[in-house]
Amino acid sequence: GDSVTQMEGPVTLSEEAFLTINCTYTATGYPSLFWYVQYPGEGLQLLLKATKADDKGSNKGFEATYRKETTSFHLEKGSVQVSDSAVYFCALSPNQAGTALIFGKGTTLSVSS
Amino acid sequence: NAGVTQTPKFQVLKTGQSMTLQCAQDMNHEYMSWYRQDPGMGLRLIHYSVGAGITDQGEVPNGYNVSRSTTEDFPLRLLSAAPSQTSVYFCASRTGTIFTGELFFGEGSRLTVL
Numbered sequence: 214g215d216s217v218t219q220m221e222g223p224v225t226l227s228e229e230a231f232l233t234i235n236c237t238y239t240a241t242g243y244p245s246l247f248w249y250v251q252y253p254g255e256g257l258q259l260l261l262k263a264t265k266a267d268d269k270g271s272n273k274g275f276e277a278t279y280r281k282e283t284t285s286f287h288l289e290k291g292s293v294q295v296s297d298s299a300v301y302f303c304a305l306s307p308n309q310a311g312t313a314l315i316f317g318k319g320t321t322l323s324v325s326s
Numbered sequence: 007n008a009g010v011t012q013t014p015k016f017q018v019l020k021t022g023q024s025m026t027l028q029c030a031q032d033m034n035h036e037y038m039s040w041y042r043q044d045p046g047m048g049l050r051l052i053h054y055s056v057g058a059g060i061t062d063q064g065e066v067p068n069g070y071n072v073s074r075s076t077t078e079d080f081p082l083r084l085l086s087a088a089p090s091q092t093s094v095y096f097c098a099s100r101t102g103t104i105f106t107g108e109l110f111f112g113e114g115s116r117l118t119v120l
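So the protein lines, in turn, are chains H and Z.
Be aware that the first sequence starts at 214, since it is given in the working numbering, and climbs by one per residue.
Be aware that the second sequence starts at 7, since it is given in the working numbering, and climbs by one per residue.
Be aware that a few hints might be false.
Said to hold, decoys possible - If you anchor each label on the Cβ, the simulated ranges turn out as follows:
1) Z:Asp79 x H:Ala230: 25 to 35 Å
2) Z:Asp44 x H:Gly242: 44 to 54 Å
3) H:Asn272 x Z:Val94: 40 to 50 Å
4) Z:Lys20 x H:Phe231: 45 to 55 Å
Claimed, not checked - Here are some of the chain H residues that sit facing chain Z, going by a computed Cβ distance under 7 Å:
5) Gly256
6) Leu260
7) Phe275
8) Ala313
These are calculated hints, taken from the structure and not from any lab test.
Please read all numbers here as calculations on a predicted model, not as lab measurements.
C-beta: ideal position from N, C-alpha, C; glycine also.
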């Protein structure tokens, strides 16, 4: 079945460092891809998405490009801030009726000043 | 907008007790779902619903029941709680027919079963 694999965490960075969180997926059709973020004590919220190959999603300085050839959707940010400390989830939607969003296990990011 | 509202936020149960986690959304979303979040496991789908009167099982449905009598509400019932059900539970909703649409999450309900 469809699945999402994320890099294991935690990821610990200093403020202004470059961030990459790897995400790869397995899907039989043409899925949409998402990154969700969970701040401490809160529910998940959508960070960015891409609905077809070569699309780039971006928001709050974060970017991810839908790469069908490598089945990847890596999250990047050029300069992280302390406020970016959170858990990041890569997710996949099979884009079929009756199916649900499939999440990776999450990557914890901790940014220190 | 209230969005997705979950109650209670915290609950402690004894093994064998029953309870219902409430979920309500005010966005007229057709699709609603329940996930549980456990350390190292990410989010796992328990049950979901694509509209009133329609429910289906997710990845980990055992020990949980759901019903969908209205568009707004999607309660999750634990009939006989077990320690393995200690977790953080999230309700989420989105527009039913747009699979690329954003999934809106509640703030979560932390359940401890002793």
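Here is what the structure says about each hint:
no.: 1; hint: Z:Asp79 x H:Ala230: 25 to 35 Å; in the structure: violated (44 Å)
no.: 2; hint: Z:Asp44 x H:Gly242: 44 to 54 Å; in the structure: violated (28 Å)
no.: 3; hint: H:Asn272 x Z:Val94: 40 to 50 Å; in the structure: violated (25 Å)
no.: 4; hint: Z:Lys20 x H:Phe231: 45 to 55 Å; in the structure: holds (49 Å)
no.: 5; hint: Gly256; in the structure: holds (3 Å)
no.: 6; hint: Leu260; in the structure: violated (10 Å)
no.: 7; hint: Phe275; in the structure: violated (15 Å)
no.: 8; hint: Ala313; in the structure: holds (5 Å)
In terms of the numbered hints stated before, the structure departs from hints 1, 2, 3, 6 and 7, listed from lowest to highest.
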